[in-house]
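Peer 1: Next come the chains, spelled out residue by residue.
2 protein chains.
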Amino acid sequence: MKRRAFLRAAAASFAASSIAAPAVAQSTPELKWRLTASWPKSLDTLYGMCEDFAKNVADSTDNKFQIQVFAAGEIVPGLQVLDAVQNGTVEMGSTAGYYYWGKDPSFAFTTAIPFGLNARQQDAWQLRGGGMELLDGLFADFGCYGLPMGNTGTQMGGWFRKEINTLDDLNGLKFRIGGFAGNVIKRLGVVPQQIAPGDLYPALEKGTIDAVEWIGPYDDEKLGFSKIAKYYYYPGWWEGGANGHLLINRSKWQSLGKTYQTIVTTSAREAGLRTTAKYDLVNPTAMKRLITAGTQLRAFPPPIMEASFKAANETYIELAKANARFKRILDSIMAFRQDSYSWWQVAELSFDLFQVKMLGRS
Amino acid sequence: MKRRAFLRAAAASFAASSIAAPAVAQSTPELKWRLTASWPKSLDTLYGMCEDFAKNVADSTDNKFQIQVFAAGEIVPGLQVLDAVQNGTVEMGSTAGYYYWGKDPSFAFTTAIPFGLNARQQDAWQLRGGGMELLDGLFADFGCYGLPMGNTGTQMGGWFRKEINTLDDLNGLKFRIGGFAGNVIKRLGVVPQQIAPGDLYPALEKGTIDAVEWIGPYDDEKLGFSKIAKYYYYPGWWEGGANGHLLINRSKWQSLGKTYQTIVTTSAREAGLRTTAKYDLVNPTAMKRLITAGTQLRAFPPPIMEASFKAANETYIELAKANARFKRILDSIMAFRQDSYSWWQVAELSFDLFQVKMLGRS
Numbered sequence: 000m001k002r003r004a005f006l007r008a009a010a011a012s013f014a015a016s017s018i019a020a021p022a023v024a025q026s027t028p029e030l031k032w033r034l035t036a037s038w039p040k041s042l043d044t045l046y047g048m049c050e051d052f053a054k055n056v057a058d059s060t061d062n063k064f065q066i067q068v069f070a071a072g073e074i075v076p077g078l079q080v081l082d083a084v085q086n087g088t089v090e091m092g093s094t095a096g097y098y099y100w101g102k103d104p105s106f107a108f109t110t111a112i113p114f115g116l117n118a119r120q121q122d123a124w125q126l127r128g129g130g131m132e133l134l135d136g137l138f139a140d141f142g143c144y145g146l147p148m149g150n151t152g153t154q155m156g157g158w159f160r161k162e163i164n165t166l167d168d169l170n171g172l173k174f175r176i177g178g179f180a181g182n183v184i185k186r187l188g189v190v191p192q193q194i195a196p197g198d199l200y201p202a203l204e205k206g207t208i209d210a211v212e213w214i215g216p217y218d219d220e221k222l223g224f225s226k227i228a229k230y231y232y233y234p235g236w237w238e239g240g241a242n243g244h245l246l247i248n249r250s251k252w253q254s255l256g257k258t259y260q261t262i263v264t265t266s267a268r269e270a271g272l273r274t275t276a277k278y279d280l281v282n283p284t285a286m287k288r289l290i291t292a293g294t295q296l297r298a299f300p301p302p303i304m305e306a307s308f309k310a311a312n313e314t315y316i317e318l319a320k321a322n323a324r325f326k327r328i329l330d331s332i333m334a335f336r337q338d339s340y341s342w343w344q345v346a347e348l349s350f351d352l353f354q355v356k357m358l359g360r361s
Numbered sequence: 000m001k002r003r004a005f006l007r008a009a010a011a012s013f014a015a016s017s018i019a020a021p022a023v024a025q026s027t028p029e030l031k032w033r034l035t036a037s038w039p040k041s042l043d044t045l046y047g048m049c050e051d052f053a054k055n056v057a058d059s060t061d062n063k064f065q066i067q068v069f070a071a072g073e074i075v076p077g078l079q080v081l082d083a084v085q086n087g088t089v090e091m092g093s094t095a096g097y098y099y100w101g102k103d104p105s106f107a108f109t110t111a112i113p114f115g116l117n118a119r120q121q122d123a124w125q126l127r128g129g130g131m132e133l134l135d136g137l138f139a140d141f142g143c144y145g146l147p148m149g150n151t152g153t154q155m156g157g158w159f160r161k162e163i164n165t166l167d168d169l170n171g172l173k174f175r176i177g178g179f180a181g182n183v184i185k186r187l188g189v190v191p192q193q194i195a196p197g198d199l200y201p202a203l204e205k206g207t208i209d210a211v212e213w214i215g216p217y218d219d220e221k222l223g224f225s226k227i228a229k230y231y232y233y234p235g236w237w238e239g240g241a242n243g244h245l246l247i248n249r250s251k252w253q254s255l256g257k258t259y260q261t262i263v264t265t266s267a268r269e270a271g272l273r274t275t276a277k278y279d280l281v282n283p284t285a286m287k288r289l290i291t292a293g294t295q296l297r298a299f300p301p302p303i304m305e306a307s308f309k310a311a312n313e314t315y316i317e318l319a320k321a322n323a324r325f326k327r328i329l330d331s332i333m334a335f336r337q338d339s340y341s342w343w344q345v346a347e348l349s350f351d352l353f354q355v356k357m358l359g360r361s
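Which chain is which? The protein sequence lines are A and B, in order.
With numbering that gives the first Met the number 0, letter number 279 in the first sequence gets 278, and the count goes up by one each step, no holes.
With numbering that gives the first Met the number 0, letter number 241 in the second sequence gets 240, and the count goes up by one each step, no holes.
Accuracy of the hints is not assured; some may be wrong.
Intra- or inter-copy, both count: the list cannot distinguish identical chains.
[Stated by the list, open to error] Quick list of in silico lysine-lysine cross-link-like pairs, DSBU-like style, CA-CA up to 35 Å:
hint, residue 1, residue 2
1, LYS102, LYS356
2, LYS326, LYS356
3, LYS320, LYS221
4, LYS356, LYS320
5, LYS229, LYS356
6, LYS287, LYS102
7, LYS287, LYS257
8, LYS40, LYS251
9, LYS251, LYS161
10, LYS63, LYS205
11, LYS226, LYS326
12, LYS173, LYS257
13, LYS257, LYS63
14, LYS320, LYS287
15, LYS287, LYS326
Because the hints were derived from the structure by calculation, they are not lab data.
Make the full structure from the sequences, and use the hints.
Peer 2: So, in C-alpha cells, the structure goes:
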C-alpha cells in the first residue's frame with residue numbers, strides 16, 4: 000500500500016470508528032473550559048451569575064463539563080472579554096456587549112441603548128422578536144456566539160456633587176458614563192469620562208470628575224460614592240435594562256453538539272433570570288440604607304430628559320446613515336419599542352402606578 | 000442457608016451491585032414521564048411552554064429523559080392537575096397554583112394575589128426572597144415539588160358589556176373571575192362565576208354572565224369576547240403577574256438525582272422566561288387589532304380600585320387569623336411588596352413613564 004492510500008484508509012477507518020462509538024460518548028465528552036468575566040469579584044451579583052451558570056452546567060452533566068470562572072483582570076482586563084473569546088484565549092466570557100461599541104456601534108443594541116427597552120422588553124425582543132437573529136451576525140463577525148445572560152433592570156442616573164437643575168448645569172460637566180451613552184450625552188455639553196471602577200472613588204473625591212454613574216443602589220453603595228456626592232439622580236435613561244451576554248468562541252460553540260449547547264443555553268438563562276431577581280431583591284434595601292445615611296434622591300428635570308431623548312435620536316440617525324447593520328437593528332428595536340410601550344402603559348404601568356400610590360400612603 | 004438469611008444476603012448483594020454500577024448509569028437513566036397541563040392546546044403560549052420545557056429536557060439528555068405533554072382534558076381536566084400529580088396519575092403537571100386555593104388559601108400566593116407583585120417581583124420574591132422555601136411546605140403537604148414556570152405579566156381586567164362607572168355598577172354583576180379573586184370581589188357585590196373556558200363565550204353572549212376576565216389581549220382575542228362585549232377594562236388588579244408552576248410528584252422528584260433535578264430546573268426556568276417574552280411580544284399587536292376592530296379600552300375608576308384594595312386587605316386579615324401558614328407567607332410577601340415598590344417607583348417606573356410620554360407623541 001502506497002503511503003497516500005494508507006493515510007486515506009486510516010482516515011476512513013478512523014471516521015468509521017468515530018461513527019461506531021457510543022452516542023453518549025459523542026454528545027457528552029469531558030470538557031474543561033475557562034470563562035473570563037468583565038466583573039470583579041466585588042460585583043458579587045454579576046460575578047455570582049457566572050459561578051451559578053458554571054454550577055448549572057456542571058450539575059447538569061455529572062461534572063463532565065466543567066467551567067472555571069475568572070474575574071476581571073485574572074486572565075484579561077474586564078473590557079477585553081470579547082477579544083479574549085474571539086482569539087481563543089478562553090472559550091467563553093461574561094460581559095456587556097456595549098463595551099465594544101467602538102468596534103461596531105451595533106454592539107450597543109446587545110446591552111441597552113439610551114431610551115431603549117426595559118428588561119422584559121429586551122428579553123421579548125431578543126428571544127421572541129428576532130433580536131437574537133439580528134445580533135447573531137454581529138457576534139459571528141467577531142468570532143463569537145452570544146447568549147443573553149442577566150439584566151440589571153433600569154439603572155440609576157448616577158451620583159452628582161451638585162444639583163442639576165437646567166441644561167446649563169450639564170455644560171462642561173465631567174461625568175463618568177459607560178461608552179455608547181457618552182456619545183449621546185456629549186451633545187448636551189457633558190464631557191464623558193472612561194475610568195476603571197477601582198479609580199472612580201478617588202477621581203470623584205479629588206474632583207477629577209464631577210459625577211459618576213455606575214449601576215444601582217446595591218452595587219453603588221459598595222463603592223462608597225454617597226460619602227462624597229450627595230445627589231443620586233434617576234432614571235439612568237441610557238440603561239432602561241442593561242442586558243449582559245455570555246460570549247462563546249464560535250468554533251468552540253459549534254463543536255459542542257446539541258446536548259451541551261442546550262445545557263449551556265438553559266444554564267445561562269437560569270443564571271440570568273436569577274440575577275435580575277437578585278438585583279430586584281437587594282436594590283430596595285440598599286436604597287433604604289443610602290437614604291437613611293443622607294443620600295438625596297433627585298429626578299432628572301423633564302427638560303434635561305427631553306433634550307437627552309432628542310440627542311439620542313440625532314445620534315441614531317447619524318449612525319444609521321453610516322452603518323447598514325446599525326440601521327437594520329435600530330429599525331427593528333424602535334418598531335418593537337413603539338408597539339411594546341403602547342401595550343405596557345395599559346396593564347403593567349397602571350397596575351404599578353396604583354400600587355405605588357396606595358403603598359406610599361402606608 | 001436459611002431462607003431469611005438468603006434474602007438478606009441477596010439484598011446486600013443487590014445493594015452492593017447498585018453502588019458499584021457506573022456513575023453515569025445512575026445519574027442519567029432512561030425515563031419516560033407524562034406531563035398533564037391545565038392548558039388546552041388553543042392556549043398556545045402556555046401549552047407551548049410545556050412543549051418547550053419537554054424539548055429542553057430531551058435535548059439536554061440526548062433523549063434519555065423524555066416527557067410527553069398532554070393538554071387539559073386528555074388525561075385529567077385542567078383544574079385537577081395538582082390531584083393528578085399528587086396521586087401519581089402522572090409524574091408532572093403545568094398549572095396555576097391558585098386554582099387550588101379551596102384546598103388551602105395559601106395556594107393563592109404561588110400564582111398571584113390581588114394587589115400583590117408584578118412578574119419580576121414575583122420572581123425576586125420566589126427565587127431570592129425566600130418565597131420558594133415558604134411555598135415548599137405547602138406543595139409538600141400535597142405530595143408535590145413546585146418549580147415556578149412562566150408568568151403572563153399583568154393581566155387585563157376583562158370584558159364588560161356595560162361601562163363600570165361607580166361601585167353601584169358592580170352590585171349584582173355576574174362576573175367570570177378566577178378563584179381567589181372572586182373571594183375578594185364579592186365583597187363589592189359582584190357575583191363571581193366559575194365557568195370552563197369553552198363555555199365562556201356562549202355564557203357571555205346569552206347574558207348568563209355580564210362580564211368575563213381571562214388573560215390578556217393575545218389569549219382573549221382568540222375567544223372572541225370583543226364581538227359581544229365592547230369595554231375592555233384594565234388593570235387586572237388580581238393578577239399583577241400570574242405565575243405558573245411546574246408540579247412534580249414529590250417522591251418522583253426525589254428519585255431523580257441531582258443531574259436530572261438540575262436539568263428539569265434550568266429547563267423549566269428557560270421555558271418560563273421565554274413564555275413571558277412571548278406574551279410581551281404578542282400582546283401589543285393583539286391589542287392593536289382589537290382596538291382597530293372597535294374595542295373600547297377603559298381604566299377601572301379610582302374609587303373602584305381603592306375599594307378593591309380595601310376588600311383585598313380585609314380578606315387577607317380574615318384568612319390570616321384562621322390559617323397560620325397563610326399569615327406567615329402573607330407577612331413575607333407584603334413586606335417584600337412594600338420594599339420593592341419603594342424602589343420600583345424610582346428607576347423602573349420613571350423610565351417607563353417617560354418612554355410612554357415621549358412615544359405617545361409620535
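Peer 1: Now, for every hint given, state plainly whether the structure supports it.
Peer 2: How the hints compare with the structure:
Taking identical chains as interchangeable, the C-alpha atoms of LYS102 and LYS356 lie at most 35 Å apart only when they sit on different chains, with a minimum of 33 Å there against 45 Å within one chain. In this homomeric assembly, LYS326 and LYS356 come within 35 Å of each other (Cα to Cα) only across copies, at 24 Å, whereas the closest approach inside a single copy is 40 Å. Taking the shortest Cα distances, LYS320 and LYS221 never come within 35 Å of each other, neither inside one copy (41 Å) nor across copies (41 Å). Taking identical chains as interchangeable, the C-alpha atoms of LYS356 and LYS320 lie at most 35 Å apart only when they sit on different chains, with a minimum of 27 Å there against 44 Å within one chain.
For the identical chains of this complex, LYS229 and LYS356 are neighbours both inside a copy (27 Å) and across copies (29 Å), given an alpha-carbon limit of 35 Å. Taking the closest pair of Cα atoms, LYS287 and LYS102 never come within 35 Å of each other, the shortest separation being 39 Å inside a single copy and 38 Å across copies. In this homomeric assembly, LYS287 and LYS257 never come within 35 Å of each other (Cα to Cα): the closest approach is 46 Å inside a single copy and 38 Å across copies. In this assembly of identical chains, LYS40 and LYS251 lie within 35 Å of each other by CA distance solely inside one copy; the values are 26 Å within and 38 Å between copies.
Neither within a single protomer nor between protomers do LYS251 and LYS161 lie at most 35 Å apart by alpha-carbon distance, with minima of 50 Å and 61 Å respectively. Taking the shortest alpha-carbon separations for LYS63 and LYS205, neither the intra-copy value of 50 Å nor the inter-copy value of 62 Å comes in at or below 35 Å. Taking CA atoms no more than 35 Å apart as the test, LYS226 paired with LYS326 passes in neither setting, with 42 Å inside one copy and 40 Å between copies. Taking CA atoms no more than 35 Å apart as the test, LYS173 paired with LYS257 passes in neither setting, with 49 Å inside one copy and 52 Å between copies.
Taking the closest pair of Cα atoms, LYS257 and LYS63 come within 35 Å of each other both inside a single copy (15 Å) and across two copies (14 Å). In this homomeric assembly, LYS320 and LYS287 come within 35 Å of each other (Cα to Cα) only across copies, at 31 Å, whereas the closest approach inside a single copy is 45 Å. Taking the shortest alpha-carbon separations for LYS287 and LYS326, only the inter-copy value of 25 Å comes in at or below 35 Å, while the best intra-copy value is 42 Å.
When the structure is compared with the earlier hints, violations turn up for hints 3, 6, 7, 9, 10, 11, 12 and for no others.
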